[in-house]
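2 protein chains.
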Amino acid sequence: MMSEKAKQNILLTPGPTPVPEDVRRVMAEPIIHHRTPQYRKIFEAATASLQKVFRTKNPVYTMAGSGTSAMEASIVNFHQIGDETLVVEGGKFAERFTDLAHAFGLKPVVIKVPWSEAVDPKVIEAELQKNPNIQSVCVQLCETSTAVLNDIEAIGKITSKTQALLIVDAISGLGADKLESDAWGVDLVIAGSQKALMLPPGLSFLSVSEKAKDRMKGSNIPKFYLDIKLYEKGLKDWDSPFTPAVTLVIGLLESLRKIEKAGIENVWKRCTEYAAFTREQLQKLGLQIYSKAPSSTVTAARVPEGIDGGKLVKIMRDEKGVTLAGGQGSLKGKIIRICHMGAITKEDIQKGISVLGETLEEMKMTAKSK
Amino acid sequence: MMSEKAKQNILLTPGPTPVPEDVRRVMAEPIIHHRTPQYRKIFEAATASLQKVFRTKNPVYTMAGSGTSAMEASIVNFHQIGDETLVVEGGKFAERFTDLAHAFGLKPVVIKVPWSEAVDPKVIEAELQKNPNIQSVCVQLCETSTAVLNDIEAIGKITSKTQALLIVDAISGLGADKLESDAWGVDLVIAGSQKALMLPPGLSFLSVSEKAKDRMKGSNIPKFYLDIKLYEKGLKDWDSPFTPAVTLVIGLLESLRKIEKAGIENVWKRCTEYAAFTREQLQKLGLQIYSKAPSSTVTAARVPEGIDGGKLVKIMRDEKGVTLAGGQGSLKGKIIRICHMGAITKEDIQKGISVLGETLEEMKMTAKSK
Numbered sequence: 000m001m002s003e004k005a006k007q008n009i010l011l012t013p014g015p016t017p018v019p020e021d022v023r024r025v026m027a028e029p030i031i032h033h034r035t036p037q038y039r040k041i042f043e044a045a046t047a048s049l050q051k052v053f054r055t056k057n058p059v060y061t062m063a064g065s066g067t068s069a070m071e072a073s074i075v076n077f078h079q080i081g082d083e084t085l086v087v088e089g090g091k092f093a094e095r096f097t098d099l100a101h102a103f104g105l106k107p108v109v110i111k112v113p114w115s116e117a118v119d120p121k122v123i124e125a126e127l128q129k130n131p132n133i134q135s136v137c138v139q140l141c142e143t144s145t146a147v148l149n150d151i152e153a154i155g156k157i158t159s160k161t162q163a164l165l166i167v168d169a170i171s172g173l174g175a176d177k178l179e180s181d182a183w184g185v186d187l188v189i190a191g192s193q194k195a196l197m198l199p200p201g202l203s204f205l206s207v208s209e210k211a212k213d214r215m216k217g218s219n220i221p222k223f224y225l226d227i228k229l230y231e232k233g234l235k236d237w238d239s240p241f242t243p244a245v246t247l248v249i250g251l252l253e254s255l256r257k258i259e260k261a262g263i264e265n266v267w268k269r270c271t272e273y274a275a276f277t278r279e280q281l282q283k284l285g286l287q288i289y290s291k292a293p294s295s296t297v298t299a300a301r302v303p304e305g306i307d308g309g310k311l312v313k314i315m316r317d318e319k320g321v322t323l324a325g326g327q328g329s330l331k332g333k334i335i336r337i338c339h340m341g342a343i344t345k346e347d348i349q350k351g352i353s354v355l356g357e358t359l360e361e362m363k364m365t366a367k368s369k
Numbered sequence: 000m001m002s003e004k005a006k007q008n009i010l011l012t013p014g015p016t017p018v019p020e021d022v023r024r025v026m027a028e029p030i031i032h033h034r035t036p037q038y039r040k041i042f043e044a045a046t047a048s049l050q051k052v053f054r055t056k057n058p059v060y061t062m063a064g065s066g067t068s069a070m071e072a073s074i075v076n077f078h079q080i081g082d083e084t085l086v087v088e089g090g091k092f093a094e095r096f097t098d099l100a101h102a103f104g105l106k107p108v109v110i111k112v113p114w115s116e117a118v119d120p121k122v123i124e125a126e127l128q129k130n131p132n133i134q135s136v137c138v139q140l141c142e143t144s145t146a147v148l149n150d151i152e153a154i155g156k157i158t159s160k161t162q163a164l165l166i167v168d169a170i171s172g173l174g175a176d177k178l179e180s181d182a183w184g185v186d187l188v189i190a191g192s193q194k195a196l197m198l199p200p201g202l203s204f205l206s207v208s209e210k211a212k213d214r215m216k217g218s219n220i221p222k223f224y225l226d227i228k229l230y231e232k233g234l235k236d237w238d239s240p241f242t243p244a245v246t247l248v249i250g251l252l253e254s255l256r257k258i259e260k261a262g263i264e265n266v267w268k269r270c271t272e273y274a275a276f277t278r279e280q281l282q283k284l285g286l287q288i289y290s291k292a293p294s295s296t297v298t299a300a301r302v303p304e305g306i307d308g309g310k311l312v313k314i315m316r317d318e319k320g321v322t323l324a325g326g327q328g329s330l331k332g333k334i335i336r337i338c339h340m341g342a343i344t345k346e347d348i349q350k351g352i353s354v355l356g357e358t359l360e361e362m363k364m365t366a367k368s369k
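Chains as they are written, first to last, in numbering that gives the first Met the number 0: chain A, 0 to 369; chain B, 0 to 369.
Hints are not guaranteed to be accurate.
Since the list gives no way to pick out one identical chain from another, each pair is judged satisfied if it fits inside one copy or across any two copies.
Mimicking SDA-like on lysine to any residue, the simulated pairs with C-alpha atoms at most 25 angstroms apart in a straight line are [as the list claims (entries may be wrong)]: (1) Lys-291 x Glu-272; (2) Lys-91 x Lys-260; (3) Lys-310 x Gly-356; (4) Lys-235 x Lys-313; (5) Lys-228 x Lys-331; (6) Lys-232 x His-101; (7) Lys-350 x Glu-318; (8) Lys-319 x Leu-229; (9) Lys-210 x Glu-124; (10) Lys-156 x Gly-104; (11) Lys-216 x Trp-237; (12) Lys-333 x Met-362; (13) Lys-350 x Thr-35; (14) Lys-235 x Thr-46; (15) Lys-216 x His-101; (16) Lys-160 x Asn-130.
To be clear, the hints were calculated from the coordinates, so they are not data collected in a lab. Predicted, not measured: the structure shown is a model, and the values here were computed from it.
Work out the full structure: start from the sequences and follow the hints.
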């Protein structure tokens, strides 16, 4: 079904990211039933290994769903209707927290941050001092739409002293940008399978601190499929409340073994090096790095004046087999994004950026000749 | 990672069911991004093919999640808080509708049906006449936990004359038991990937009739991840509101092609023949068929007096490589269930039942010698 061209594709999007061949292979084995000792063993080992990537002793729950399902779980299980939540809004995925808060009857208190910038932790501190009713702070580790990295360590120091839960969307960042969930006092860490965990999309994850667990008791927001109490009960004997995405969990264990073998600190280091390399190469092409607080997950660069960013991405993908991401929301057509996490190699990045340079030249020539 | 033993496993559980090798192979190809013409084309073709299996002209929405996520979507998108819903409760999955109704502030009106029996449509008719406030009727096509088939055609004739929506959980039944969504007037059909669609778990589906769509407007139950309005918007250009489970959708198209090639009527016919064969073989072993309204999806048989059903399933699975399902809820240890849908062959069933007969003999001998 896949064409030869697709096979030669270099995928540099911030999710899905390339899935290593051996991970794909174990997922292609004959399927097994989930209520068997064989599956429970895999799920138990994968969960233990996930905790190492999350850097947490807290339970990590695995759900069948997109990353947004775990974002929703962080809202509906740990708040009461009418709760105020502080949302750091600096990109498309940050806005999703605001949307979720509205959808479930919370009152979002929004800190607007320019899309190219990280939030100033002092602004969060001031907001929490001003408003002691705030029950949680929602922020991205890496905001995928802008390639901005927020200083979670500094924010954790602030929230730890308050009643507010720190909710971190690490969907794209986990396993690429450094995150010390326990040491930094992060209460809820949200992740997805299709980023640095090198899997297809379809699994979402949520780690839950003791402070967050306490908050569950009073939660009165209706929920069922994403009710963490049910997942908590299931985890006691490595079961899931609903049929788990068996093959993805089997792949998860395989990809986590790779991360564990390399060591998570080394993985962060590699991503940070590749990020620096990516910025350097993009700057050599004369492009301006978009984010003022660049992440190790993904890099965004402004598309040169007079170039249609959407067209650029399309030409590179359809004619040259290199898939980058364009901009989202208000950045549509204005930036390109190159990912450097998971199984993406330095060679992939180099080749991708070389094709980018080539395509930009061609587009400039065409523009001139018109 | 999988042992040789697992490869020889005969999987006869009512989900996950065996995934054909070529379906596994396409899912193991290098992953592609979902916001590309390549993926949109696959998603469009898969959705069109799904409609043929659902026997509907209505839109079919695909979500990343277990079957329960589509059950939840059928509740939260098409009701108002306080709505009365008529739940036909004749098994473990029927009870899930009651749980969902409670979780989201509906008032379930429960028709208790003995677990081995199909609901009498006249009882539904009487209930709807008695209580014109009922907004929906929730019922299983095949109740997986009891192997009972309900008469959806007869129920549809009743609900079509009322304001009540007919919500059918066809998670296990779709593609095995005959279901004519449009002709029978089913408003919401719920399905999952890991049954007759021959895929791993991780996708859920919901078809929505015009009558149901009208009901969406007034819905005031909080929702976001399972908000059908967002999926409706996405479907306009073959997009999903949240990252789709790309590889599973790619596999879906492949398995739907198989179903389309065979013809859905022939698939129903084959499942019905295999079901009759299964009942016949089980009766030859002296076992009593549990369901008084047997389905073409799965067959349940009572475990003989003095035999521990849990132990039977365990011995067959761990020592003989044949995985059957046991009973759930109040039927735990009391029945065994053999599935005959999807890629399960007559030879698999024959071999499985032969191992069942052998194991029962051994267990009886051991019991006697004690």
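Verification of the supplied hints:
no. : hint              : result
1   : Lys-291 x Glu-272 : within (17 angstroms within a copy, 66 angstroms between copies)
2   : Lys-91 x Lys-260  : neither (34 angstroms within a copy, 42 angstroms between copies)
3   : Lys-310 x Gly-356 : within (14 angstroms within a copy, 65 angstroms between copies)
4   : Lys-235 x Lys-313 : between (48 angstroms within a copy, 20 angstroms between copies)
5   : Lys-228 x Lys-331 : between (39 angstroms within a copy, 23 angstroms between copies)
6   : Lys-232 x His-101 : between (29 angstroms within a copy, 19 angstroms between copies)
7   : Lys-350 x Glu-318 : within (14 angstroms within a copy, 52 angstroms between copies)
8   : Lys-319 x Leu-229 : neither (47 angstroms within a copy, 33 angstroms between copies)
9   : Lys-210 x Glu-124 : within (19 angstroms within a copy, 50 angstroms between copies)
10  : Lys-156 x Gly-104 : neither (28 angstroms within a copy, 39 angstroms between copies)
11  : Lys-216 x Trp-237 : within (23 angstroms within a copy, 40 angstroms between copies)
12  : Lys-333 x Met-362 : within (15 angstroms within a copy, 71 angstroms between copies)
13  : Lys-350 x Thr-35  : between (45 angstroms within a copy, 20 angstroms between copies)
14  : Lys-235 x Thr-46  : within (12 angstroms within a copy, 38 angstroms between copies)
15  : Lys-216 x His-101 : both (21 angstroms within a copy, 18 angstroms between copies)
16  : Lys-160 x Asn-130 : within (14 angstroms within a copy, 55 angstroms between copies)
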